[in-house]
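Student: Listed below are the residues making up each chain.
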Amino acid sequence: MFEKLIVRALKNPSEVKEFTPAQWQEFLSQGYQTGLLARFYFLFKTQTLLQFVPPPLSWHFNSAHALSLAHRRDIRIEVEHIERALKMVGIQPVLLKGVAYDLAQDKVAEGRVFSDVDIFISKTELASAEHALGLHGWNMGKMTAYDRSYYRRWMHELPPMIHRERGMTLDVHHSLLPVTCRYAFDPTELQFDVSNGHCVLSLIDRIIHAFCHLLMESEFEKGLRDLSDLDLLFRQLDTAAQWNQLLTRTEQLGVGRLCFYALRYVHLVLATPVPDFVLQGSQRWAPSAPVLGLMDWAFPKVLVNALSMTASWRIKLAHFLLYLRGHWLRMPLHLLAPHLARKAWMRISGSAEQETAI
Amino acid sequence: MTLSDYSLSQLNSRLSGDGVCFRSGRFVSRIRSPITEVAADLLRVYSGAEVCEDQFVDFDIELLPSGGYRRFYKPQVNFSFNGYLPFQPLPQEQSLPLMEWGLNWCVSNHFQQALVIHAAVVEKYGRALILPGQPGAGKSTLCAALVSVGGFRLLSDELTIIDCHSAQVLPNPRPISLKNKAIDIVAGLQSGLNLSRTVRDTQKGSVALLQAPPGSVASWNLTASPGLIVFPKFKAGSEGGTLQELSKGETFLQLANQSFNYPILAEQGFNAISRHLDQAQCYRFDYDGDLTAAVDALDGLMQDV
Numbered sequence: 001m002f003e004k005l006i007v008r009a010l011k012n013p014s015e016v017k018e019f020t021p022a023q024w025q026e027f028l029s030q031g032y033q034t035g036l037l038a039r040f041y042f043l044f045k046t047q048t049l050l051q052f053v054p055p056p057l058s059w060h061f062n063s064a065h066a067l068s069l070a071h072r073r074d075i076r077i078e079v080e081h082i083e084r085a086l087k088m089v090g091i092q093p094v095l096l097k098g099v100a101y102d103l104a105q106d107k108v109a110e111g112r113v114f115s116d117v118d119i120f121i122s123k124t125e126l127a128s129a130e131h132a133l134g135l136h137g138w139n140m141g142k143m144t145a146y147d148r149s150y151y152r153r154w155m156h157e158l159p160p161m162i163h164r165e166r167g168m169t170l171d172v173h174h175s176l177l178p179v180t181c182r183y184a185f186d187p188t189e190l191q192f193d194v195s196n197g198h199c200v201l202s203l204i205d206r207i208i209h210a211f212c213h214l215l216m217e218s219e220f221e222k223g224l225r226d227l228s229d230l231d232l233l234f235r236q237l238d239t240a241a242q243w244n245q246l247l248t249r250t251e252q253l254g255v256g257r258l259c260f261y262a263l264r265y266v267h268l269v270l271a272t273p274v275p276d277f278v279l280q281g282s283q284r285w286a287p288s289a290p291v292l293g294l295m296d297w298a299f300p301k302v303l304v305n306a307l308s309m310t311a312s313w314r315i316k317l318a319h320f321l322l323y324l325r326g327h328w329l330r331m332p333l334h335l336l337a338p339h340l341a342r343k344a345w346m347r348i349s350g351s352a353e354q355e356t357a358i
Numbered sequence: 359m360t361l362s363d364y365s366l367s368q369l370n371s372r373l374s375g376d377g378v379c380f381r382s383g384r385f386v387s388r389i390r391s392p393i394t395e396v397a398a399d400l401l402r403v404y405s406g407a408e409v410c411e412d413q414f415v416d417f418d419i420e421l422l423p424s425g426g427y428r429r430f431y432k433p434q435v436n437f438s439f440n441g442y443l444p445f446q447p448l449p450q451e452q453s454l455p456l457m458e459w460g461l462n463w464c465v466s467n468h469f470q471q472a473l474v475i476h477a478a479v480v481e482k483y484g485r486a487l488i489l490p491g492q493p494g495a496g497k498s499t500l501c502a503a504l505v506s507v508g509g510f511r512l513l514s515d516e517l518t519i520i521d522c523h524s525a526q527v528l529p530n531p532r533p534i535s536l537k538n539k540a541i542d543i544v545a546g547l548q549s550g551l552n553l554s555r556t557v558r559d560t561q562k563g564s565v566a567l568l569q570a571p572p573g574s575v576a577s578w579n580l581t582a583s584p585g586l587i588v589f590p591k592f593k594a595g596s597e598g599g600t601l602q603e604l605s606k607g608e609t610f611l612q613l614a615n616q617s618f619n620y621p622i623l624a625e626q627g628f629n630a631i632s633r634h635l636d637q638a639q640c641y642r643f644d645y646d647g648d649l650t651a652a653v654d655a656l657d658g659l660m661q662d663v
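As given, the protein sequences belong to chains R and C, one line each in that order.
Numbers 1 to 358, taken from the working numbering, label the letters of the first sequence in order.
Numbers 359 to 663, taken from the working numbering, label the letters of the second sequence in order.
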């Protein structure tokens, strides 16, 4: 099967040594599409491949790297601000996603784009956390009353909060998955680690959170970048005991199906070294053959190809299918249908424009 | 070879096929578009641009019509950068201004190898004259007058790029974007200026583009040393213009504020501005719209630096 240059380079970065100028040009374009230029700067640097980048194109990789470093520096400062604000009410937030990778010194933090900060707070502490953050300058953006109540009632996080001076976005989670989602689990089961004085999820739970997030998505704008994140996270498991722990935790939290897909597609698309016993062990979570056939048709397309105006009908159809799947998984139909109807009506009638400040 | 070596129909078939690669400022862009007006627009304001076949492309751009009913009813244009659409679609007659805004976006969002400031910049006597200014301060009008009648070289009308180590200004000569009243004022400066057609009712009002002079385009790689930083302000009744020296501290803060990537470059950005200011003089310039007098005043100041 025809394989995109960027996928080949993710699987084996030294392939770029053989790239022709035309292939470099195409690779650059795919790097922009997927947001992976900074990740490649890191891969090239660690594997002494930077000298193979054609000099006229090297600034693209250097600039992406500079941007990633700047984001990383900014979110570290932001974390200090958030922790200080919450300390006032005696809350220690658990840092999630990008910030957690950075603080735990995971390889996946290298060359990643950090756009916002994600924290987890137990539901009982939510009201006082929101109050303390509000006092320290974090406010929720404008949204319609309907969207606001939707977030409060059904989502696993508060509406995004934006700091009024620094402009950084903060997502406050009280669960890792939407409450209506069929894979939702009790957040009190999560396991934490302390890294350099900051609280993060344990490595296994960080991985579980990452794949739940990706496989519950309904829009895959940066699917390949997220898949590459998963690839690097899985590569951190280097003993059979750790892999076993992953399988056990997955079973405990009831997210087996999502784990099955994650292992399957990261292995299939990026050739991540997943031990055979793990792939076999995850088979018990496989869906029925027709569903698996459909997913095998759609997921590899969607994870590798972003939706664009010029995408083929197959790719557009695959995106549409997984869009429906994402919504279906997030909400049972008797909630989803009225919600989508309401959103469609708001778009048609233009009432979505009438934003109200909180 | 320059774009003007293509006939209109040749350019059109290139644009709707593999695209045309040319130097837009200091970067190489590849433009593709099935929209027929784009070729004529390009020949108007980029006729002197160097065609760069067989070279690496920095910015891969498509100007795409919206699909669905928009094919027939009030057709729209989208700016696509490697398949990503950073802007809302605009009416199709605004294709050229959209491409220009898009090309600015490409630089200000992706180029972190030097400090990028929102300011016009021109050169004379080997030194740079930087003109920062809020929208409406008249920096583009002044910039157009300086290059079309004042003998200044255009470095950029929108993005001043300062090397962090040498503090030199890196040229990015592209068409000058003129708005509303400035269009007629600049058209009246001199005969034979290459102006695009005027596009009305854009989000910035009426817009026309003035082709960059061939000499400026050809010396895209010739840097300029620090010279003057002048904050222009249109003020009726300030006869012939008044100059007032500004402190370097104040100028520093203004430049940092109007920079796209000062927070990203951090210490390097600080070095770029401070090294540049070490060798430059800073002024506030109120002018009454008499462009000839303004050009003379600024030229005189440049000679003394």
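Honestly, the hints are just simulated from the structure, not real lab data.
Beta carbons are placed, not taken as given, at the ideal position from N, Cα and C, and that holds for glycine.
Mixed in with the good hints, there may be bad ones.
Claimed, not checked - Here are the simulated DSSO-like cross-link-like pairs (lysine-lysine), alpha carbons at most 27 angstroms apart as the crow flies:
(1) C:K539 <-> C:K593
(2) C:K432 <-> R:K316
(3) R:K343 <-> C:K432
(4) C:K537 <-> R:K142
(5) C:K537 <-> C:K606
(6) R:K87 <-> R:K222
Said to hold, decoys possible - Here chain R is said to cover these stretches of chain C; the calculated rule only asks that three of the stretch's residues, wherever they fall, bring their Cβ under 8 angstroms from a Cβ of chain R:
(7) 395-402
(8) 461-474
(9) 493-501
Student: For each hint, tell me whether it holds in the structure or not.
Tutor: Against the structure, the hints come out as follows:
Annotation: proposed proximity of C:K539 to C:K593 holds, straight-line Cα distance about 15 angstroms (limit 27 angstroms). Restraint check for C:K432 and R:K316: satisfied, since their Cα atoms lie roughly 25 angstroms apart, inside the 27 angstroms limit. About 26 angstroms separates the Cα atoms of R:K343 and C:K432, which keeps this hinted pair within 27 angstroms; it holds. A hinted pair counts as satisfied when its Cα atoms are at most 27 angstroms apart, and C:K537 with R:K142 does not qualify at roughly 32 angstroms.
For the hint pairing C:K537 with C:K606, the CA-to-CA distance comes to about 31 angstroms; that exceeds 27 angstroms, so the pair is violated. With a C-alpha separation of about 34 angstroms, the suggested pair R:K87 and R:K222 falls outside the 27 angstroms cut-off, and the hint is violated. Coverage of the region 395-402 of chain C by chain R is violated [criterion: at least 3 residues with CB-CB distance below 8 angstroms; count 0]. By the rule of at least three residues with a Cβ nearer than 8 angstroms to a Cβ of chain R, the coverage given for the region 461-474 of chain C holds, with 4 such residues.
With 0 residues bearing a CB less than 8 angstroms from a CB of chain R, the region 493-501 of chain C misses the requirement of three and the coverage assertion fails.
When the structure is compared with the earlier hints, violations turn up for hints 4, 5, 6, 7, 9 and for no others.
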